[in-house]
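Trainee: Input sequences plus hints: build the corresponding full structure.
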Amino acid sequence: MHEDTTSAVPVTIPGQHAKASCASVLAVEDLTVSIGGRLLLQGVTFALEPGQLCGLIGENGAGKTTLLRSLIGVQSSPHGQVSISGLVPRKSRDLVGYVPQKINFAPDLPLRVYDLVQLGCDGHRLGPRWFSGRLHQQVQAALDAVGAQDFAYQRIGELSGGQQQRAVIAHALARRPRLLLLDEPLANLDFRSANELAGLLGHLTRVHGLAVLVTAHDMNPLLPVMDHIVYLAKGRAASGSVREVVQSATLSKLYGYPVAVIEYGGRVLVLPHADAQVGEDGCYLMPNGSASGGQA
Amino acid sequence: MFETFMIHTWIASTIIAATAGILGFFVVLRRSAFAAHALPLATFPGAAAAQLLGIQPLWGLLGFVTIAVVLLHQLQKLGRKDVAAGLVLVTLLAVGSLLLSMTDSYAPAVFSLLFGQVLGVSAADLWPVAVIASVVLIGAMCLYRPLLLQSAFPELALSRGISAGVIDLLFLALLGLVTAMAMPVVGALLVFSLLIAPAAAAQSLSARPLQALLLAVMFSVGMIWLAIALSFWTNWPIGFFVGTMGALLFTSARMFRYIRHRWLSTGLPTTMKNQPMKLIPTVPPGEA
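Protein chains in written order, with my numbering: chain V, 20 to 315; chain R, 11 to 298.
Calculated directly from the structure, the hints in this document are not laboratory data.
Here the structure is a predicted model, which means the values were calculated and not measured.
One should not assume that every hint holds.
[As the list claims (entries may be wrong)] Dumping the calculated PhoX-like pairs for lysine-lysine here, alpha-carbon to alpha-carbon at most 25 angstroms:
no., chain 1, residue 1, chain 2, residue 2
1, R, Lys91, V, Lys121
2, V, Lys121, V, Lys253
3, R, Lys87, V, Lys121
Mentor: Right, here's the structure in full:
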């Protein structure tokens, strides 16, 4: 009986509907992925410009990882257009840095953070590696960008989760990409590390002019630094600016579950709100009687 | 101990131990210890097949190792590496038992293929060892960086366009070559000891990839030298010495690392040392 149609229908958000412009680092148009007759992504369209931090929000199984895999050119049978600075994903590997979902680092792994970043520069090359000052500088620049100098010469497996995440981001930044894709970088991190990492991503967009696309199911740590949201539900996408999407009514409709947007200490927070009920007009009613219209 | 016939033994076992140390580094990194166990045992029926066909044993071994590598690679694609290695192992051992039942003259040779005949290496045996070792060395040198990245972080390698399937097949091919080269000299069980123990010990001692690789080679060569010398003096089987030394080496490396950790970091992991701990006062709900 739980027929939830709200999230399957694309939600139009007033204002900008992403269009591919020449300035875009990433332009996705009408991307559809289906495997074995099952639609994983359906007509996804959005664009990302330099210096923009975009959150890719959605429940588990909404197609976030499939979308990222299409952007790095390893997803089988994608239809539609993906262009990264005008190139197709398979030809633009130098322009894209990718941070996969939580990697399991064995404590015995004979690699330091420095070695991982070095592999980010030249891990795909054949033949032995000769010493080069340019390579060293490139590695140092990536370590500086993420603030990993303090633990650059430590074994990766012995670092904390937040430090490991920084190391992988430095690996992804090693070849100076224009677009950085991160898959659930904040999962399994404590409050402090999650906030620090969100701050780092904000810094990378503002100072280094990177375009960053980051997936998350908890958007709260990212809200202060994010300026664009692509929401995925059952393979369909709705996109808009944070101001447009982060509203109780919009989010409740997207999630198909009552969501409250509150302000606390100068910050906007998104919380699930199980006690709300659906009113006659289709809006969720909060327990204190107010409809979940705008921002509280 | 250094008579002419022993010189060949020293040369062959040094080359074999060095190449096994290099490939062992990647075996441990890729967590393919079971595959490294299955390949030599699945290969040894090759010698029986060669006997039946009347060809050189090395060709039989190379033929069977090729079958084993292709089977292993195809089965691994289904997702379970351990099950794939187990299936290849039992299937080819079954074939081996059939082939052995067909030749009566072969029984003593089975023992030497399992446990090796290090002390009976001739000059003619050296050539295949040298040629195959050079091929493996050049292959490992070419593949070093992609193989390192793919073994440690398959997901990161994939995003760089490094195909997991191609790397896996190339790695298994190199491992198969080492197996076929080493088996007539050191035996199926000893190849496995040389592949695992030195590399595992090296990786727990060094955090640098190249340093750990060289350390694995040094451990592996040192182990076989000591084992040959001890076997020569005591007349005990060489497999006994290599096997027990491998276990001892790994245990001592782990203990050394544990003690160094305890003494240097006074009980805390090094990463937690400089972080001050603060108690954060709780804000009662509703106070904004």
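Trainee: A separate judgement is required for each hint: does it hold in the structure or not?
Mentor: To see whether the hints hold, each was checked on the structure:
| no. | hint | in the structure |
| --- | --- | --- |
| 1 | R:Lys91 / V:Lys121 | holds, 21 angstroms |
| 2 | V:Lys121 / V:Lys253 | holds, 23 angstroms |
| 3 | R:Lys87 / V:Lys121 | holds, 23 angstroms |
Hint violations for this structure: none, all hints satisfied.
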